[in-house]
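*Asks:* Our numbering applies: residue 1 is where the sequence shown begins, and numbers increase by one.
Heads up, a few of these hints could be off.
With beta-carbon atoms standing in for the labels, derived distance ranges [as the list claims (entries may be wrong)]:
id: 1; residue 1: Pro169; residue 2: Thr435; range: 40 to 50 Å
id: 2; residue 1: Lys272; residue 2: Asp329; range: 32 to 42 Å
id: 3; residue 1: Asp304; residue 2: Thr423; range: 41 to 51 Å
Heads up, simulated DSS-like pairs for lysine-lysine below, C-alpha to C-alpha not over 30 Å straight-line [to be verified]:
id: 4; residue 1: Lys262; residue 2: Lys94
id: 5; residue 1: Lys262; residue 2: Lys407
id: 6; residue 1: Lys407; residue 2: Lys272
id: 7; residue 1: Lys272; residue 2: Lys350
Simulated from the structure, these hints should not be mistaken for lab results.
Note that the Cβ used here is the ideal one computed from N, Cα and C, for glycine as well.
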Amino acid sequence: MPDGRSPPSGREQGGDMGIRGRLLLGLLAGLAAGQVQATGYFLNGAGASARGMAGAGVALAEDAMSIANNPAAAVGLSGRQWQIGSIFLHPRPKVIVGEQPQEAPPPGAIPLRPGIYSSRPEVATQAGGTFAIPFGAISWRLNERWAVGLSVYGNGGLNSTFRANAPNPNCGPGTRGEGLLCGGTLSSDIGQTFISPTVAWQPLSWLRLGLAPQIVWQSLEIQGFELLAGQSNDPDNFTNNGHDHALGYALMGGLQINILDKVQFGLVAQTKTEMDEFDDYAGLLPEQGKLDIAPYFQAGLAWDVSSRLTFAVDFQRIYFGSVSATGNDVVTGEPYGADNGPGFGWGDTKTWKFGFRYRANDDWTFRGGYADGRSQIESDEVFYNLVSGSILADRFDIGVTRRVGEKTYLDATLGYFPDQQLTGPNATLPEQEITLSLGGVAVDLGIGRRF
Numbered sequence: 001m002p003d004g005r006s007p008p009s010g011r012e013q014g015g016d017m018g019i020r021g022r023l024l025l026g027l028l029a030g031l032a033a034g035q036v037q038a039t040g041y042f043l044n045g046a047g048a049s050a051r052g053m054a055g056a057g058v059a060l061a062e063d064a065m066s067i068a069n070n071p072a073a074a075v076g077l078s079g080r081q082w083q084i085g086s087i088f089l090h091p092r093p094k095v096i097v098g099e100q101p102q103e104a105p106p107p108g109a110i111p112l113r114p115g116i117y118s119s120r121p122e123v124a125t126q127a128g129g130t131f132a133i134p135f136g137a138i139s140w141r142l143n144e145r146w147a148v149g150l151s152v153y154g155n156g157g158l159n160s161t162f163r164a165n166a167p168n169p170n171c172g173p174g175t176r177g178e179g180l181l182c183g184g185t186l187s188s189d190i191g192q193t194f195i196s197p198t199v200a201w202q203p204l205s206w207l208r209l210g211l212a213p214q215i216v217w218q219s220l221e222i223q224g225f226e227l228l229a230g231q232s233n234d235p236d237n238f239t240n241n242g243h244d245h246a247l248g249y250a251l252m253g254g255l256q257i258n259i260l261d262k263v264q265f266g267l268v269a270q271t272k273t274e275m276d277e278f279d280d281y282a283g284l285l286p287e288q289g290k291l292d293i294a295p296y297f298q299a300g301l302a303w304d305v306s307s308r309l310t311f312a313v314d315f316q317r318i319y320f321g322s323v324s325a326t327g328n329d330v331v332t333g334e335p336y337g338a339d340n341g342p343g344f345g346w347g348d349t350k351t352w353k354f355g356f357r358y359r360a361n362d363d364w365t366f367r368g369g370y371a372d373g374r375s376q377i378e379s380d381e382v383f384y385n386l387v388s389g390s391i392l393a394d395r396f397d398i399g400v401t402r403r404v405g406e407k408t409y410l411d412a413t414l415g416y417f418p419d420q421q422l423t424g425p426n427a428t429l430p431e432q433e434i435t436l437s438l439g440g441v442a443v444d445l446g447i448g449r450r451f
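With these hints in hand, go ahead and build the complete structure from the sequences.
*Replies:* This is the structure in structure tokens:
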């Protein structure tokens, strides 16, 4: 059993970062990325119609929220339109910690208390473990060639909170004596809001172009990592500082092309989002607290099989490696908060999205889709990702649009994330097994009107 000795702090180790410090740095990287899915910082599509097709459809102009997926869609919409709604996301993250060896752990090991840990976040935007993530958009066709619009939408919802509800016998003197890392409740709360004015131009009958500058508002709160403060160049701005906020900007551009009579092609790309620093977490993230958002592109084809049925297939790539916070290695030889300090250690990710739309009649439209992603972590990295949402890989969606009256319509989408499990060793104590489990459901509800 554990001998109760207090683990050496980062300050006691000085500049020599031992195995405990290096591995805990990786664990912290997983926490800071707690809301990230296999598709990156972005939820899989914006708006109920796109999410009803699992995020496929950058070649389509469906409704006002389509401009958030591809700004070129604005000039493919008729008249004036608005749409509002919300995603209601209910994730189910768990950490299952196996029994630890009977003998005393070796120096530098971090034995975790055995048990099943379920995340129970408590933030203003959630109730009963369900997060509300609102969205809205307006579009206005100025003439045959020009259109403008504005979209507002959010990201987040995979926040993780593992509450300290019992003493941890593995904790030593000088700690709070409870929680996975002896610092009490272990949690992350990361959210993003995108505000995106849009302009679109149709120079030719078969070509649409769109541009959308983006203003991004980001919030961050990290709790429970006092044990690691000594590994930072700014330990006072490392953990337990409440919510901090940062402002950023990016640029999205897109096009849509009618390449054949019944086949459309769409392409959208977004630059890296340059964020201001989180001053209250300047000792946590590289470059004194910067959490830039990775650039990405998505390309897709849509095929009108008939006047009622359309199939879509999209490919998305997110360039995590181009951003210090996500791309820097977990161990860099520099302290947390430094320009080249530790990051999440992620490579770029790829996701295929498949969807269909079936217009049964003038009043009813049905959708379905599947997104095939890939977990960003391997089995030997589970210790680093105890509170990360990054093991989600697949999702299934169905959706429906119901016209109510001549100009108003209602949207509903149900998304299902099958429970994914990943088992691997405790990186500091290989005899102890850890299983990450994550699944969930999402319901999108919206209303729109065309003028």
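*Asks:* Hint by hint, note whether the structure agrees.
*Replies:* Status of each hint after checking the structure:
At about 21 Å, the CB distance of Pro169 to Thr435 disagrees with the hint of 40 to 50 Å. Take Lys272 and Asp329: their Cβ atoms lie about 19 Å apart, and the range 32 to 42 Å is violated. The beta-carbon spacing between Asp304 and Thr423, approximately 45 Å, falls within the hinted interval of 41 to 51 Å. Between the alpha carbons of Lys262 and Lys94 the distance comes to roughly 46 Å, so the proposed pair goes past 30 Å and is violated.
As the CA atoms of Lys262 and Lys407 are separated by approximately 26 Å, the hinted pair is consistent with the 30 Å bound. The straight-line distance between the Cα atoms of Lys407 and Lys272 is roughly 38 Å, outside the 30 Å bound, and the hint therefore fails. As the CA atoms of Lys272 and Lys350 are separated by approximately 17 Å, the hinted pair is consistent with the 30 Å bound.
Violated hints, in rising order: 1, 2, 4 and 6; the structure is consistent with all others.
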